[in-house]
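Trainee: In order, the protein sequence lines correspond to chains A and B. Take the first sequence: its letters are residues 118 to 443, numbered as in our numbering. Take the second sequence: its letters are residues 19 to 372, numbered as in our numbering.
Simulated from the structure, these hints should not be mistaken for lab results. Any given hint could be a false lead.
To be verified - With a straight-line cut-off of 25 Å between C-alpha atoms, the simulated BS3-like cross-links for lysine-lysine are:
no., chain 1, residue 1, chain 2, residue 2
1, B, Lys180, A, Lys168
2, B, Lys319, B, Lys299
3, B, Lys243, A, Lys168
4, B, Lys180, B, Lys275
5, B, Lys182, A, Lys168
6, A, Lys297, A, Lys316
7, A, Lys227, B, Lys182
8, B, Lys243, A, Lys227
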Amino acid sequence: MAVITMRDALNDALREELARDPNVFLMGEEVAEYQGAYKVTRGLLQEFGAKRVIDTPITELGFAGLGVGAAMVGLRPIIEFMTFNFSILAADQMVNSAAKMLYMSGGQYKIPIVFRGPGGSAYQVSSQHSQALESWYAFFPGLKVVMPSTPADAKGLLKSAIRDDDPVIFIEQERMYGMKGEVPEDEDFTIPLGVADVKREGTDATIVARSLMVPTALKAAEELEKEGISCEVIDPRTIRPLDIDTIITSVQKTNRVVVAEESHPFCGVSAEITAEIQERAFDYLDAPVKRVSGVDVPMPYAKNLERLAIPDVPQIVAAVREVAYV
Amino acid sequence: MSSQTTDRRQDASASASVIDQPPTTPADAGALEEDRDTLVKIFQQMLLIRRFEEKCAESYSLGKIGGFCHLYIGQEAVGVGAISALRQDDYVITSYREHGQALAKGMSADAIMAELYGKATGCSKGKGGSMHLFDASVNFLGGHAIVGGQIALATGAAFASKYKETDQVTVCFFGEAAVNQGAFHESLNMAQLWRLPCIYLCENNMYGMGTSAQRAMSFQDIAAKACAYEMASEVVDGMDVMAMRQATQRAVERARKESLPTLLEARTYRYMGHSMSDPGKYRTRAEIEKYQERDPIKLFKVRLEENGMLTDDDVAAMEAEVREQVDRAAQFADESPEPAPEELMTNVYANPLR
Chain A
118 MAVITMRDAL
128 NDALREELAR
138 DPNVFLMGEE
148 VAEYQGAYKV
158 TRGLLQEFGA
168 KRVIDTPITE
178 LGFAGLGVGA
188 AMVGLRPIIE
198 FMTFNFSILA
208 ADQMVNSAAK
218 MLYMSGGQYK
228 IPIVFRGPGG
238 SAYQVSSQHS
248 QALESWYAFF
258 PGLKVVMPST
268 PADAKGLLKS
278 AIRDDDPVIF
288 IEQERMYGMK
298 GEVPEDEDFT
308 IPLGVADVKR
318 EGTDATIVAR
328 SLMVPTALKA
338 AEELEKEGIS
348 CEVIDPRTIR
358 PLDIDTIITS
368 VQKTNRVVVA
378 EESHPFCGVS
388 AEITAEIQER
398 AFDYLDAPVK
408 RVSGVDVPMP
418 YAKNLERLAI
428 PDVPQIVAAV
438 REVAYV
Chain B
19 MSSQTTDRRQ
29 DASASASVID
39 QPPTTPADAG
49 ALEEDRDTLV
59 KIFQQMLLIR
69 RFEEKCAESY
79 SLGKIGGFCH
89 LYIGQEAVGV
99 GAISALRQDD
109 YVITSYREHG
119 QALAKGMSAD
129 AIMAELYGKA
139 TGCSKGKGGS
149 MHLFDASVNF
159 LGGHAIVGGQ
169 IALATGAAFA
179 SKYKETDQVT
189 VCFFGEAAVN
199 QGAFHESLNM
209 AQLWRLPCIY
219 LCENNMYGMG
229 TSAQRAMSFQ
239 DIAAKACAYE
249 MASEVVDGMD
259 VMAMRQATQR
269 AVERARKESL
279 PTLLEARTYR
289 YMGHSMSDPG
299 KYRTRAEIEK
309 YQERDPIKLF
319 KVRLEENGML
329 TDDDVAAMEA
339 EVREQVDRAA
349 QFADESPEPA
359 PEELMTNVYA
369 NPLR
């Protein structure tokens, strides 16, 4: 297996799926001639031409809606948002059109579309360019929400998302594009949506983490190992469908849980996971579930404040110690 | 107030009167040179829509139809005229006032009425209701209930036709209030930029719910807005079904042969309130009567009769046939079963969650 960046893994997934299916096309701001604002789409215009890789005007609602309409009549669009912060302008088309079309047409119009791009915290770009919106989209039945945490997952999950017949929200952590890892080169390599991955096995506590919080949790687990606390790290990989069974199985083994996330705690994904755990595994818990979330504020600009707004290794270490009563 | 501001206000009020001016594109002399069957079918479709809608009003009052119910009465010439100019495999997409266009596109009256009644036999299995009629078998891409939202979807359907090189045309209906939405401007920009075979058909009935266009639009000449995108446009008499047909034929030609979009503005009028829950008190009786004098069905009937294509007996026979069809649809809807409870959870995902 080749060791490549998450950026290149995503690029490979796009290239392979564009080559595999002529109905797949890629559309977004700067995806073609500029080679992608974050270079995820580098080289695709040259390889597939301007019919398949399309630069759009800065008009998110318009091109997101165009994608949904094209999906209604048989194409498989991949819509890139330069960042998911801008998807807010297109939310009407994503929620009111894409998510509901199959249902309100009584099963007649499926919407095989992927909305993808960077999300989450970034590097000092302040409130309007730096936020984690996954709980928004996970809220709506009809949408699937995916957040990879490794280059291999990014490739396998993106290929599955493109082949899926439902609208998929695919959020790539902006800070992780340069992260390297082993990635299978097989063109048939996919990872099914809705299957969690045990990123590290352990016996004393479960850390549920996604996206950028996975490497953070793995570092925390290494530190805790030195203290004799063995942590299991579970990455659900998709928020919807959520593989709650894998999480429950882990909780039944470790009896202690920390849920880590970048996004806001209020009405967030960690609240959902925590509620599921208490409903399904209350009797197995030896301590209350502990959440480690982003601070409930718009993202600040100043470097020190930004650092404080996002969970880090010491916070996760402290949370595990708390549920382990040490 | 600066003089510039005063001038703009004067301009706005001057353009308001545009609505009352005679339409710029009436049907031309050749309108009645088409074969009688086509013309009579067009007349019959308008009649069917009128009677179907009257039945909807009745059923709504009886509590058989729930939710919102927006009637098309008065606007029949727009939908029938435009859709009569299309090929069967062309796409139509529209707003929540779509019963008439659905019928004109060839959807079954039974399945539409059953949908309004919330029955399992409805065109959307009882999950869409009045505002969400869909039928993939006739390429009817649905009624959509967010003002202007379908304009972006139409642009996508047209994009797909060009991508797949099928020469299918998409017609997108929307009301004049949707013109103020970003989706309209974003879509027209992309459609002209990328030469998409889409006809943007604005049904200007002059009221966005209870607010007149004069109170909501700074510049009310909708067709003229196309020039902001260098797009072809036309103002059409929306009460004249043949004018609608001919203008749409010109736009279809432009779309199919040159892959270019068109903005059509149909000047029309809805006789009823915005929806069944709106008594429409923001309009005077005199205003409504003024437009009813140019009723699209009456206008066309007189024209056909004057040209010896239709007699009173023909009309009476057609009335009887249409009423029977509508009554049958209502009976079918009435007698159809409600959706099974397990239908609540179907069709949420095409590839279901694990």
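Trainee: Hint by hint, say whether it matches the structure.
Mentor: Hints and how they fare:
A threshold of 25 Å between alpha carbons decides the hint, and for Lys180 (chain B) with Lys168 (chain A) the separation of about 10 Å falls inside it, so the pair holds. For a cut-off of 25 Å, the pair hint linking Lys319 (chain B) to Lys299 (chain B) is broken: about 30 Å separates their Cα positions. For the suggested pair Lys243 (chain B) and Lys168 (chain A), the alpha carbons sit about 28 Å apart, so the restraint of at most 25 Å is broken. For the hint pairing Lys180 (chain B) with Lys275 (chain B), the CA-to-CA distance comes to about 11 Å; that is within 25 Å, so the pair holds.
Between Lys182 (chain B) and Lys168 (chain A) the alpha-carbon distance is near 11 Å, which keeps this suggested pair within the 25 Å criterion. In summary, the hint linking Lys297 (chain A) to Lys316 (chain A) is supported, as the alpha carbons are separated by about 16 Å, within the 25 Å threshold. About 18 Å separates the Cα atoms of Lys227 (chain A) and Lys182 (chain B), which keeps this hinted pair within 25 Å; it holds. Restraint check for Lys243 (chain B) and Lys227 (chain A): not satisfied, since their Cα atoms lie roughly 34 Å apart, outside the 25 Å limit.
Going down the numbered hints, you'll see the structure goes against 2, 3 and 8, while the others check out.
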